Structures are given as structure tokens and as C-alpha cells.
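Engineer: Whenever a hint applies, use it, and build me the whole structure from the sequences.
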Amino acid sequence: LAKTTQPISMDSYEGQEVNITCSHNNIATNDYITWYQQFPSQGPRFIIQGYKTKVTNEVASLFIPADRKSSTLSLPRVSLSDTAVYYCLVGDVRGGGYQKVTFGTGTKLQVIP
Amino acid sequence: SAVISQKPSRDICQRGTSLTIQCQVDSQVTMMFWYRQQPGQSLTLIATANQGSEATYESGFVIDKFPISRPNLTFSTLTVSNMSPEDSSIYLCSVEVDREATEAFFGQGTRLTVV
Chain Z
1 LAKTTQPISM DSYEGQEVNI TCSHNNIATN DYITWYQQFP SQGPRFIIQG YKTKVTNEVA
61 SLFIPADRKS STLSLPRVSL SDTAVYYCLV GDVRGGGYQK VTFGTGTKLQ VIP
Chain D
114 SAVISQKPSR DICQRGTSLT IQCQVDSQVT MMFWYRQQPG QSLTLIATAN QGSEATYESG
174 FVIDKFPISR PNLTFSTLTV SNMSPEDSSI YLCSVEVDRE ATEAFFGQGT RLTVV
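From first to last, the protein sequence lines are chains Z and D.
So for the first sequence, the working numbering puts the first residue at 1; every next one is plus one.
So for the second sequence, the working numbering puts the first residue at 114; every next one is plus one.
Derived by calculation from the structure, the hints in this document are not laboratory data.
None of these values were measured; they are calculated from a predicted model.
Backbone N, C-alpha and C define an ideal beta-carbon position, used for all residues, glycine too.
Take these hints with a grain of salt, some might be off.
What the hints assert, rightly or not - Chain Z side only, calculated, beta carbon under 7 Å to chain D, not exhaustive:
1) Gly43
2) Phe46
3) Gln49
4) Gly95
5) Gly96
6) Tyr98
7) Gln99
8) Phe103
9) Thr105
10) Gly106
Structural biologist: Below you can see the structure in the form of C-alpha cells.
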């Protein structure tokens with residue numbers, strides 16, 4: 001299982017771009033990189049997933065360098081409502097893969113007015 | 114996608130008693146998972162529940178303490194048995210919609226306090 005390391009917490013002002021980096025040095029060939037967001041008193045919610053290079057959706061972008069040993073979640077122009085915990089997961093999440101994927105410590109993002 | 118309803122949303126229970134948490138999904142799903150999240154901590158997988166087979170428990174979790182039922186493709190229950198204050202936590206149900214899915218959906222969680 002690929003172990004992930006991400007900052008415990010980050011602060012950002014409203015309107016700024018936030019980049020959260022996750023290290024996963026022992027990522028395997030079949031592993032995907034998946035990010036989840038969790039608000040207080042709610043279950044995690046899928047944000048974005050990638051395998052290599054760059055992935056962008058309406059919420060975020062995910063940058064993955066060629067060696068795939070790290071990844072960066074980019075949140076453009078954050079607002080107060082983006083205050084949450086962000087989890088980086090690495091593993092082969094296809095077909096029951098969540099049985100083998102571990103949630104790391106997560107990064108608690110605090111957006112400041 | 115999948116919409117998951119967990120009941121109860123929260124409960125306060127006496128030590129030594131048991132609580133059964135229900136997880137209802139709005140569509141048929143293949144894999145269902147139960148997680149525990151202690152206050153301020155990350156999620157820990159308790160077990161994987163497939164319809165028609167025994168649940169698979171992770172290290173540190175046993176069937177006698179956390180019996181699970183999966184009677185059909187839309188429903189599962191987790192029972193926390195013989196509770197102690199150390200069982201106070203949030204319990205979350207999660208699903209994968211099909212074998213090709215790479216995204217998991219989570220319920221709102223059940224906040225359990227044991228006194």
C-alpha cells in the first residue's frame with residue numbers, strides 16, 4: 001500500500017489559489033491518485049482523480065509529475081466554504097479497491113476572510 | 114452516483130448496550146464499506162460488506178464486536194456491540210457503485226457517544 005504524506009494544516013485568504021501537495025514515494029504502477037474533501041459532520045466527498053500529468057474539473061486541478069511520486073491539488077480562488085479537510089489517497093481503487101486504500105491524515109484547510 | 118442515507122444520525126448510548134446503524138442506498142451497489150472516524154482523526158476501515166457473503170474485517174476489528182449484515186444490494190447494517198466509551202466515534206457507510214467505479218460515495222455518518 002502506498003503511504004501518503006501531506007501537510008497537517010494550511011491557512012489561506014479568500015480569493016487565493018491553494019496548492020496542497022501529497023507525497024507518495026512508493027506509488028505502484030496501477031495506483032490512481034484520488035482526493036476527497038470532508039466538511040465537519042459530513043462524509044468525505046470525491047473531488048478529483050488522476051493517473052498522470054494534469055486533470056482539471058469544475059472544482060479543482062490535479063498536477064502529477066512524470067515520476068508520480070507526488071501530486072498537487074490546486075483549488076482556484078478559495079472561498080470560506082472551502083474550509084475543510086482534504087485527503088489524498090493512493091491506490092488501485094478500481095473494482096473494490098477501496099478495501100485496500102488507506103485514508104491518510106488529511107490536510108485541514110482554513111480559509112480566512 | 115449514489116445517495117446514501119444513514120440512521121441514526123447520532124445517538125447517546127449507555128455502556129454495555131448495542132447500537133445498530135443502518136445504511137440505505139438509492140441504487141444497487143456492489144461494494145459497501147464501514148469506516149470509523151474518531152474525533153479529529155482520519156477514517157479507518159472497519160470492514161467490507163458484499164451481498165451474499167460474510168463481511169471481511171480489517172485488522173483490529175472483529176465480527177463479535179461489529180457484526181455486519183448485507184441482506185441485499187441496497188442495504189447494510191453495522192452493530193456496535195457491548196459498547197464502551199472507547200467506541201465513541203463517527204461511523205460512516207461508503208459504497209462503490211459497480212466493479213468499474215473508481216469513486217466512493219459516503220453517507221453523512223452516525224455520531225455515537227457512549228456514556
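Engineer: Report holds or violated for the interface hint on Gln99 of chain Z, using the least CB-CB distance to chain D and a cut-off of 7 Å.
Structural biologist: holds (5 Å)
Engineer: So, as I understand it, the hint says Gly106 of chain Z touches chain D; can you test that by seeing if any CB pair is closer than 7 Å?
Structural biologist: Cβ of Gly106 of chain Z sits 6 Å from chain D, so the hint holds.
Engineer: Can we keep the Tyr98 of chain Z interface hint, with Cβ of chain D closer than 7 Å?
Structural biologist: This hint holds: Tyr98 of chain Z lies near chain D, its Cβ roughly 5 Å from the closest one there, short of 7 Å.
Engineer: Next item in the hint list is Gln49 of chain Z. Is there a CB on chain D closer than 7 Å to its CB?
Structural biologist: holds (6 Å)
Engineer: Should the hint that Gly96 of chain Z touches chain D count as held when the rule is a Cβ pair under 7 Å?
Structural biologist: This interface hint holds because 5 Å falls under the 7 Å limit.
Engineer: Using Cβ atoms only, decide whether Phe46 of chain Z comes closer than 7 Å to chain D, and label the hint accordingly.
Structural biologist: Check passed: Cβ of Phe46 of chain Z comes within 5 Å of chain D, closer than 7 Å.
Engineer: Hold the hint about Phe103 of chain Z up to the distance rule: shortest CB distance to chain D must be less than 7 Å.
Structural biologist: holds (4 Å)
Engineer: So, Thr105 of chain Z near chain D? Judge it on the closest CB pair being under 7 Å.
Structural biologist: holds (6 Å)
Engineer: Against chain D, run the beta carbon of Gly43 of chain Z and see if the smallest gap drops under 7 Å.
Structural biologist: Constraint on Gly43 of chain Z satisfied, holds at 3 Å.
Engineer: Holds or violated: is the Cβ of Gly95 of chain Z closer than 7 Å to a Cβ in chain D?
Structural biologist: Holds. Min distance 4 Å.
When each numbered hint is compared with the structure, no violation occurs for any of them.
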